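Chemist: Sequence:
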Amino acid sequence: MSGGPVVLLGAVLVAFLAVTHLSFDLNAVLALAALVVVLLAFLPGGGVPRWAISVAGVLSLVALLLKPPVENVVTTPWLSVGIAVGAVTAVVVAVLPWLPARWWWVGLIVLAAGYALVILGGRPLIDVWVILRDSAGGLLRGLNPYEMHFPDVPAGQTDNCFNYLPATFLLTAPAQWLFGDVRWLETGYLLGACALLGWHTRRWPLALLVGVLPGTLYVVQQSWTEPLLLLGLVAGYVLIERGHANWAIVPVALALATKQHLVVLVPLLAFWPRFGWRRVLATFGAAAVVCLPWVIVDPGRFRACTADFYLLTPLQDRSVSAYQLIPAPLGTLVVVAVLMLAYWLVVRSRTGFLLGAGVVLAAFDLVNKQTFLNQWVFAAELVVAGLVVISTTPVGDTRDRRPGVKVEIRRRGGESVPCEPDSDISP
Numbered sequence: 040m041s042g043g044p045v046v047l048l049g050a051v052l053v054a055f056l057a058v059t060h061l062s063f064d065l066n067a068v069l070a071l072a073a074l075v076v077v078l079l080a081f082l083p084g085g086g087v088p089r090w091a092i093s094v095a096g097v098l099s100l101v102a103l104l105l106k107p108p109v110e111n112v113v114t115t116p117w118l119s120v121g122i123a124v125g126a127v128t129a130v131v132v133a134v135l136p137w138l139p140a141r142w143w144w145v146g147l148i149v150l151a152a153g154y155a156l157v158i159l160g161g162r163p164l165i166d167v168w169v170i171l172r173d174s175a176g177g178l179l180r181g182l183n184p185y186e187m188h189f190p191d192v193p194a195g196q197t198d199n200c201f202n203y204l205p206a207t208f209l210l211t212a213p214a215q216w217l218f219g220d221v222r223w224l225e226t227g228y229l230l231g232a233c234a235l236l237g238w239h240t241r242r243w244p245l246a247l248l249v250g251v252l253p254g255t256l257y258v259v260q261q262s263w264t265e266p267l268l269l270l271g272l273v274a275g276y277v278l279i280e281r282g283h284a285n286w287a288i289v290p291v292a293l294a295l296a297t298k299q300h301l302v303v304l305v306p307l308l309a310f311w312p313r314f315g316w317r318r319v320l321a322t323f324g325a326a327a328v329v330c331l332p333w334v335i336v337d338p339g340r341f342r343a344c345t346a347d348f349y350l351l352t353p354l355q356d357r358s359v360s361a362y363q364l365i366p367a368p369l370g371t372l373v374v375v376a377v378l379m380l381a382y383w384l385v386v387r388s389r390t391g392f393l394l395g396a397g398v399v400l401a402a403f404d405l406v407n408k409q410t411f412l413n414q415w416v417f418a419a420e421l422v423v424a425g426l427v428v429i430s431t432t433p434v435g436d437t438r439d440r441r442p443g444v445k446v447e448i449r450r451r452g453g454e455s456v457p458c459e460p461d462s463d464i465s466p
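All letters in the sequence shown, in the order written, are residues 40 to 466 by the numbering used here.
Please note that the accuracy of each hint is not assured.
To be verified - Below 16 Å or equal to it, Euclidean Cα-Cα: the simulated EDC-like pairs (lysine to aspartate or glutamate) are: (1) 408 - 186; (2) 408 - 347; (3) 408 - 356.
Claimed, not checked - Label-pair distances were calculated between CB atoms; the ranges are: (4) 134 - 367: 46 to 56 Å; (5) 368 - 138: 52 to 62 Å; (6) 373 - 176: 38 to 48 Å; (7) 302 - 372: 14 to 24 Å; (8) 369 - 312: 31 to 41 Å; (9) 76 - 366: 13 to 23 Å; (10) 116 - 371: 46 to 56 Å; (11) 372 - 180: 38 to 48 Å; (12) 67 - 306: 24 to 34 Å; (13) 62 - 227: 24 to 34 Å; (14) 367 - 67: 16 to 26 Å; (15) 199 - 334: 15 to 25 Å; (16) 336 - 137: 48 to 58 Å; (17) 337 - 105: 43 to 53 Å.
In short, the hints are calculated from the structure, not lab data. Remember, predicted model here, so these are calculated numbers, not experimental data. Virtual Cβ for every residue (Gly too), placed ideally from N, Cα, C.
Could you put together the complete structure from these sequences and hints?
Modeler: Shown next, in the form of structure tokens:
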């Protein structure tokens with residue numbers, strides 16, 4: 040059997056465990072560790088049959104019913120409707136592989152409706168939403184977000200630092216200015232990533248699954264910024280595969296200038312087909328340019344909020360990772376060792392960038408000092424996005440085929456079957 044179904048269901052279970060265990064739980068962390076090992080062992084994945092997508096959709100539905108996004112939010116009646124539509128979306132994705140391909144638009148519309156209703160369903164009680172909202176207002180008044188304080192942040196959460204990189208507020212502020220809520224653009228980025236994958240590969244059921252994984256509705260509601268990262272990496276991939284490698288530098292650089300931990304993907308960029316070290320350096324340089332104005336204005340404050348905040352903050356016992364199980368003197372050594380092993384296995388298996396990035400981030404999340412629901416869900420989304428691509432490409436070939444180009448898939452037994460990239464036949 041191809042590794043595709045194993046990798047897909049492993050990624051879905053990663054998100055499932057994360058959304059059903061929002062704080063540290065030893066059994067959940069051990070299960071996540073086992074799933075990371077499975078993901079690494081079954082690289083490079085492979086084609087995904089229809090039944091696996093259906094099972095993944097059902098698991099997403101079960102996760103939503105077990106853990107609906109009703110915590111940490113001031114609710115309105117729209118939230119219940121949004122959750123119901125989210126449940127319908129999971130069912131649609133589970134059924135879609137068995138329907139004619141022309142019905143893909145139904146899944147996309149229902150997915151967008153569920154996101155919109157969840158946003159209308161309530162104001163999140165979380166620091167990131169308040170920080171992004173106030174930073175957008177501060178920019179209009181000529182303030183430096185890194186010098187601002189955020190008095191409306193709920194008690195016990197971060198209220199004295201903007202602790203992300205500048206692209207985070209640059210890419211979300213327009214939604215606050217125009218529509219009164221940064222979540223509209225964040226949600227647009229997530230929906231855009233799914234639509235771009237579907238358009239590029241014509242594997243719509245699997246592409247839409249990226250948007251219904253366990254925890255995605257909660258990510259939308261709580262204003263977490265991983266959708267910016269997802270679209271940046273997906274857009275970069277699609278531009279590369281469509282012959283616009285230099286333009287791919289822009290979305291990938293914006294992703295790197297959004298959240299600090301994405302730097303762990305930089306070594307993978309060098310092994311990305313048709314990207315290479317020169318574009319890696321250009322991408323890193325472009326991300327640095329995005330950050331530079333705020334570094335110049337107040338270097339001490341920028342460092343304190345974007346680096347010291349994470350490196351010097353004491354370990355949080357809520358972190359859904361194995362870091363607190365590692366003896367203190369070995370923490371850094373274990374993190375580096377796990378990352379090096381993940382890099383080696385990903386590059387050796389010729390997995391491709393998106394799937395490889397998801398697996399590397401899952402390995403990093405397992406040993407990171409501060410790992411929460413949004414990080415695990417993002418890793419799962421990248422794994423599924425990578426499988427969307429691999430499902431249109433022979434196993435071991437990291438180059439995607441253009442939609443409409445026939446490929447030859449060799450089945451077990453030696454028979455060669457020509458098929459379109461959106462065919463349900465799996466290698």
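Chemist: Check the structure against each numbered hint from earlier and tell me which ones fail, lowest number first.
Modeler: Hint check: 1 fails alone, others pass.
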